[in-house]
Amino acid sequence: MNVNARPRQRVIVRSALSLGGLLILLAGVMGFAHTRAGRPLLALMGRAMRPGSCPLGYDRRVTPAQREEAAAGWAASHRGTWPAAARPALGFALGQTRRADVLSTLAARGVTCAPGAAADLVCHQVPSTALPGAASGPARELWLTFGAREQLLSLVALARDSAPGAISDAFGRVTAQLTDAAGPPTRLAGQEGPTYLAAAPLRQSSAEFRYSNYYALARATNMGNGYLLTEEYRALAD
Amino acid sequence: MSKAISLIAVALSLSAGLACSDDDNKPPASAGPGAALKCASSGKDAFDTYGAPAFVAVNEAIVANVFAELGANGTTNLGDSFTKIGTGMPPSTIDPAPTFKGKLAAFLVYAYGGPTSITYTDGVAYSGLQDMAAAHAGLGISSAQFDYFVANIVVPALASSGVPTADISSCFAPVVIDPAFKASIVGK
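As you go down the protein sequences, you meet chains A and W in turn.
By the working numbering, the letter at position 212 of the first sequence is numbered 234, and the numbering carries on one by one without gaps.
By the working numbering, the letter at position 62 of the second sequence is numbered 1340, and the numbering carries on one by one without gaps.
No lab work stands behind these hints, which were simulated from the structure alone.
Yeah, the Cβ is synthetic: ideal placement off N, Cα and C, and Gly gets one too.
One thing to keep in mind: the hints can contain errors.
[What the hints assert, rightly or not] Covered stretches of chain W (chain A as the covering partner; in silico rule of three or more C-beta atoms under 8 Å from a C-beta of chain A): (1) 1321-1328; (2) 1437-1447.
[What the hints assert, rightly or not] Negatives, chain W to chain A, calculated, CB over 12 Å: (3) L1348; (4) T1397; (5) S1420; (6) S1421; (7) F1450; (8) P1457; (9) S1462.
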């Protein structure tokens, strides 16, 4: 009995060491694969799933359902008390307009959109005239997010101009339009007018609209080398 | 045999770690670009005006705003660079979230007139001397995403931390709106 015990112990120790070594090797290979030099190896490992992707899925984009769930969490901390009279979003209907509707509406006005590296849909240089419900102003870049049923969840528009008046006036029109359609702003910051905006870099004027079913924000910013108007329109799910 | 496997594994792990540590070997600079700026409220630079606790608050507010934004819109507005933190894909994102936060704080402190390194709230020392181009390599951040980040994440974080408008413009803005700073981040 004692004669057989030592070889058995030796086998167990060797097996454990080998297994431990293999696990460490695997960790090392995975670590190396995530370095610049290891990218070809990563691509090779990911070929069975998606070429060039992380086999562990760290770089996988969130699904529309996951995005809806996350948006619901955000809504809980940004929701107002009363429902908005309407939920304007540059002429699109939050929660209803589908991706195909956006594409066809804008295509009919000569605007093409494409899936962005991060956004669901990105549309560059969209003139106000192409957006049926938009206040007039400089051309916008649109970032659109869609939910699991391809319904529009949120719309962000950025417009830049070198003149403070162009952005300040557009900010005033957007704010007035939102007030008329949705209701009064729930928070105002800064002052309206090109003089205030142009006075110093990173000066801002903003109007926030928090309702129980809707969130909107208009913000004009002096970016130092130009002026930026940000518009955000979000549906808040129940 | 198992010893050899373990050695190879350790060597590979070390090579991975070294390949991803990018920015801590720069020669020290005497002062950050914001050291020469004077806040309207005090006539001193931002770090001397507000001190370390305020910089921690601003840093935490920036990170909170980023995650609130990611929660609301996913990667639509800020891009996917923040969601890559800790993944190592691309290699510039290898730092886990706590390290990222500590490095961001150290950079802000240094950039606005503070010391070249700090010990953050997690008890770890971080250097503020960071190569922005290397830190953003492979992220493909667009000009519009950068603008959105400055206007809708950074400025609200400063304002919500109690920095008055006049100081945001006088002693914080010039660093952020510097075209060279933007160029070191966008399109890398």
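8 Å C-beta test of the region 1321-1328 of chain W against chain A, three or more residues: This one is violated; 0 residues, fewer than the three required, reach chain A with a Cβ under 8 Å.
Minimum Cβ-Cβ distance from W:L1348 to chain A exceeds 12 Å: Given that some Cβ of chain A is not farther than 12 Å from that of W:L1348, nearest at about 8 Å, it is violated.
Assertion that W:S1421 lies outside the chain A interface [Cβ separation over 12 Å]: Not fine: 9 Å to the nearest Cβ puts W:S1421 too close to chain A.
Coverage assertion for the region 1437-1447 of chain W with respect to chain A, Cβ distance below 8 Å, three residues required: holds (count 5)
Given as non-interface: W:S1420, partner chain A, CB spacing beyond 12 Å: Violated, because the least Cβ-Cβ distance between W:S1420 and chain A comes to about 8 Å, which does not exceed 12 Å.
W:P1457 remote from chain A - nearest C-beta pair above 12 Å: violated (7 Å)
Interface exclusion of W:F1450 relative to chain A, criterion Cβ beyond 12 Å: For W:F1450, whose nearest Cβ neighbour in chain A is about 7 Å away, the distance does not exceed 12 Å, so it is violated.
Assertion that W:S1462 lies farther than 12 Å from chain A (Cβ): holds (15 Å)
W:T1397 remote from chain A - nearest C-beta pair above 12 Å: Non-interface label stands for W:T1397: nearest chain A Cβ at 27 Å, farther than 12 Å.
Violation of the numbered hints given earlier is confined to hints 1, 3, 5, 6, 7 and 8; the remaining hints are satisfied by the structure.
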